[in-house]
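Number of protein chains: 2
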Amino acid sequence: MHSALEEANSCIARDEVPIGAVLVERDTGKIVAQAGNRTRELADPTAHAEMLVIRQHCEKLGVQRLPEYDLYVTLEPCPMCAAAISYARINTLYIGASDPKSGGVISGPCLYEHSQLHHKPQVVSDLMSDECGQILTEFFKKKRKLR
Amino acid sequence: MHSALEEANSCIARDEVPIGAVLVERDTGKIVAQAGNRTRELADPTAHAEMLVIRQHCEKLGVQRLPEYDLYVTLEPCPMCAAAISYARINTLYIGASDPKSGGVISGPCLYEHSQLHHKPQVVSDLMSDECGQILTEFFKKKRKLR
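Heads up: the sequence lines are chains P and R, in that order. Residue numbering for the first sequence follows the working numbering, beginning at 1 and increasing consecutively. Residue numbering for the second sequence follows the working numbering, beginning at 1001 and increasing consecutively.
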């Protein structure tokens, strides 16, 4: 989660909402992909950190499924990313801060409780949640001051 | 929806699940982007038809939002695509066949009923649903015979 936080921090310089994700090989603990949000830079509303690491590593391996990998993300995934995590067959999803406003895993639609999601990853939440939430709070506080 | 069906048909030759999507400019009725599923070809579990047309046109315009556009898709969008359609601020979503097994708009998590989705497109369902459903039924029937 430290590496995911570094990715979140790197978003700030790009004026992207600071959320970071890291994909880890379960057997070795090796980080195989990491990203922060790039929706502004790429003009792509789907370019969330989780989507970028999944797409990056699937493309590298030439596969659509990553059952031997875990995903660490600083903020609870939104419904789009929660579904993509299921489709990619991620083994365990580690979440930093929860996101009652826009989340889709433990908030709102709680996607993994529905049969329409055919794979349900293990979910571990509240991992370094203070640090993960604080970087977002400070980002939006500065944004409001600039207005 | 005829053009979306053509895109779905074009999936069959690529051995992709035949679902097609078309993005239409509301003012002119002009098709600005169209795609079929490419998850196999691109080794990308997020490469659903809806995601591809949204990403394609956002990139072309350099924007993250498409409020002046409608989306036609042959099958009810999954939760991932339903959320992406919301983030892209699509005006009206026209759905062919419904998808109780994997859908996320009128089935299962019914995403637009949750406050976590901040934009709720207009939804028109059951548009040429027989034709849109039939192409999928036939695709999977042939798949089963080949096994």
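If you are wondering where the hints come from, they were derived from the structure by calculation, not from laboratory data. Quick caveat, the model's predicted, so the values are computed rather than measured. Misleading hints may appear alongside valid ones.
Rough simulated footprint, nothing fancy, chain P against chain R, three-plus residues with beta-carbon under 8 angstroms [to be verified]:
#1 1001-1014
#2 1111-1117
A few chain P residues that don't get close to chain R, going by computed Cβ distances all over 10 angstroms [claimed, not checked]:
#3 Ser-10
#4 Asp-15
#5 Arg-40
#6 Gln-122
#7 Asp-126
#8 Gly-133
#9 Phe-139
#10 Lys-141
We treat Cβ as the ideally placed atom computed from N, Cα and C, and that holds for glycine.
Non-interface claim for Asp-15(P), where every Cβ of chain R lies beyond 10 angstroms = holds (13 angstroms)
Non-interface claim for Ser-10(P), where every Cβ of chain R lies beyond 10 angstroms = holds (20 angstroms)
request  = Beyond 10 angstroms from every chain R Cβ: check whether that's true for Asp-126(P).
outcome  = Fine: 19 angstroms to the nearest Cβ keeps Asp-126(P) off the interface.
ask   = Are there at least three residues in the segment 1111-1117 of chain R whose beta carbon sits under 8 angstroms from a beta carbon of chain P?
value = With 5 residues closer than 8 angstroms to chain P, the segment 1111-1117 of chain R meets the three-residue bar; holds.
message = So Gln-122(P) supposedly isn't at the interface. Is its beta-carbon more than 10 angstroms from every beta-carbon in chain R?
response = Non-interface label stands for Gln-122(P): nearest chain R Cβ at 18 angstroms, farther than 10 angstroms.
key: Given coverage of the segment 1001-1014 of chain R by chain P, tested with a Cβ cutoff of 8 angstroms and a minimum of 3 residues   = violated (count 0)
ask   = Is it the case that Arg-40(P) keeps its Cβ farther than 10 angstroms from each residue Cβ in chain R?
value = Per Cβ check, Arg-40(P) is inside 10 angstroms of chain R; nearest 7 angstroms; violated.
inquiry  = For Gly-133(P), is the shortest CB-to-CB distance to chain R above 10 angstroms, so the non-interface label stands?
reply    = holds (17 angstroms)
query = Beyond 10 angstroms from chain R, beta-carbon-wise, is Lys-141(P)?
reply = The claim holds: Lys-141(P) sits with its nearest Cβ about 20 angstroms from chain R, beyond 10 angstroms.
ask   = Taking 10 angstroms as the cut and beta carbons as the points, is Phe-139(P) off the interface with chain R?
value = Phe-139(P) is indeed farther than 10 angstroms from all Cβ atoms of chain R, at 18 angstroms.
The structure does not agree with the numbered hints 1 and 5 stated previously, though it agrees with the rest.
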